[in-house]
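Chain by chain, the residues:
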Amino acid sequence: MPDTDDRRRTGPEWVTLAVSSLVLAVVVVLLIGQIGAGDEPPRPTVAVGAIVGRGESFEVPVSVRNGGDRAASNVQVTASLRVGSSSTEADQTIDFLGAGETEDLVFVFADDPADGQLTVAVGGFAAP
Amino acid sequence: MTSTATAPAGASPATPGGGAWRQEVTDLARAATGALLFGIPLLYTMEVWWTGIQATPVQSLVALALSFVAAVVLNHTSGFRSTRDVRLADAVADAVEVVGLSIVLAAVLLFVLHEITVDTPRGVVLGKLAFEAVPLSIGAALAGQFLHEGRDGGSGGGDGDDDDASPDTSPRPTLADIGATMIGAVFVAMNIAPTDEIPMLDTAMGPPRVLALLAASLVVSYAIVFAAGFSGESQRRAQTGLLQDPLTETIVCYLVSLVVAGGLLWAFDRTEGPWTISLTHIVVLGLPAAVGGAAGRIAI
Chain S
1 MPDTDDRRRT GPEWVTLAVS SLVLAVVVVL LIGQIGAGDE PPRPTVAVGA
51 IVGRGESFEV PVSVRNGGDR AASNVQVTAS LRVGSSSTEA DQTIDFLGAG
101 ETEDLVFVFA DDPADGQLTV AVGGFAAP
Chain D
1001 MTSTATAPAG ASPATPGGGA WRQEVTDLAR AATGALLFGI PLLYTMEVWW
1051 TGIQATPVQS LVALALSFVA AVVLNHTSGF RSTRDVRLAD AVADAVEVVG
1101 LSIVLAAVLL FVLHEITVDT PRGVVLGKLA FEAVPLSIGA ALAGQFLHEG
1151 RDGGSGGGDG DDDDASPDTS PRPTLADIGA TMIGAVFVAM NIAPTDEIPM
1201 LDTAMGPPRV LALLAASLVV SYAIVFAAGF SGESQRRAQT GLLQDPLTET
1251 IVCYLVSLVV AGGLLWAFDR TEGPWTISLT HIVVLGLPAA VGGAAGRIAI
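Protein chains in written order, with our numbering: chain S, 1 to 128; chain D, 1001 to 1300.
Hints were generated in silico from the structure; no laboratory data involved. A couple of the hints might just be wrong.
[To be verified] If you want a taste of the chain D side facing chain S, the calculated C-beta under 7 Å gives, among others:
id, residue
1, E1024
2, E1047
3, W1050
4, A1065
5, V1092
6, V1099
7, I1103
8, L1110
9, V1118
10, G1123
11, V1124
12, P1208
13, L1211
14, F1226
15, A1227
As the structure is a prediction and not an experimental result, all values here were calculated from the model. We put the CB at the ideal spot given by N, CA and C, even for glycine.
Can you build the whole structure from these sequences, using the hints too?
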């Protein structure tokens, strides 16, 4: 079938096509590269940072990192502080934590964690 | 069967030299406009971000492939250029441009919205870009179908009153623009105002990103009305009424969009807390409101 369309791409259109092709190619190559990168299940871990005293409370910064190759959802992080005979517990939930992603949380306690035993852990998560 | 290349009313053919570059910029602005009109609600949807986080590389590639196929089909019938793609090769080439542009657009806006940062893992970035590129690509490839008829020109859809470019200091065109901006802003921003995404984005962004979003909103608003080559653009540029200068009109209508955004947030009880937080909420919602408002000025 004959095609009478005589549209010819202009120079700027070729430039746009070249740049777009490059962008698309980079994304596709990176995604293909990720396919063979591993298929480990989600592995969220916590790291406790330097505790900061603010007035009469103490802030405990916690970084939660997913070391697996798949995302985790509803990552529950629990922190408990035992000072003497009293115990304080707190928990937070991260909706989604992608592979390699890190979320920063802060737990706040009335007692100084240096005076007792602080335990921060991942309580559970869903593997979507 | 024969096919011919056609140009919609009001579009000017590409000319050599600087004209070709100007035409290309206009075409790309039109594509970006279509992408934002269609895709901005999903750019502000946390479930799409989460889908990008969870997606495997294969799923992200499938999303990109779907974007590409949809863009080829739509370019074949609509497209974003002033000349229609008839040959399959042109539709495919323009689809590459549509998807590439959508990826860049998604990257810039998600970065400004703090949904991707320099610390975000590569897989998460790629997933988010791939899934956000789907609605943006469809919108970009449909851009030629959007907003053909302007109230002040185009192919006859307007009332004709504004076609006269003679000096006019009456407030009527300005009032019409403000009304159209309000209607368009409500139409787009009302879908987003009651959602949790606004406070979520707000808390993560910080002042530099909020200012960048404000600047982006103004650029997008200007581009939609005065750079994307939709019908009536030349008449709009020639208008001489009160506040009808392109830059003045853009700024005034952006402020109107912000007022609409503030009103919607107030109506949905999203303005509690310090005024600084409410102001940031308004600027965050101001982008979709400005996109809607600009489209409203062309469409109504």
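Which hint numbers doesn't this structure obey? Of the numbered hints, 2, 4, 5, 8, 9, 12, 13, 14 and 15 do not hold.
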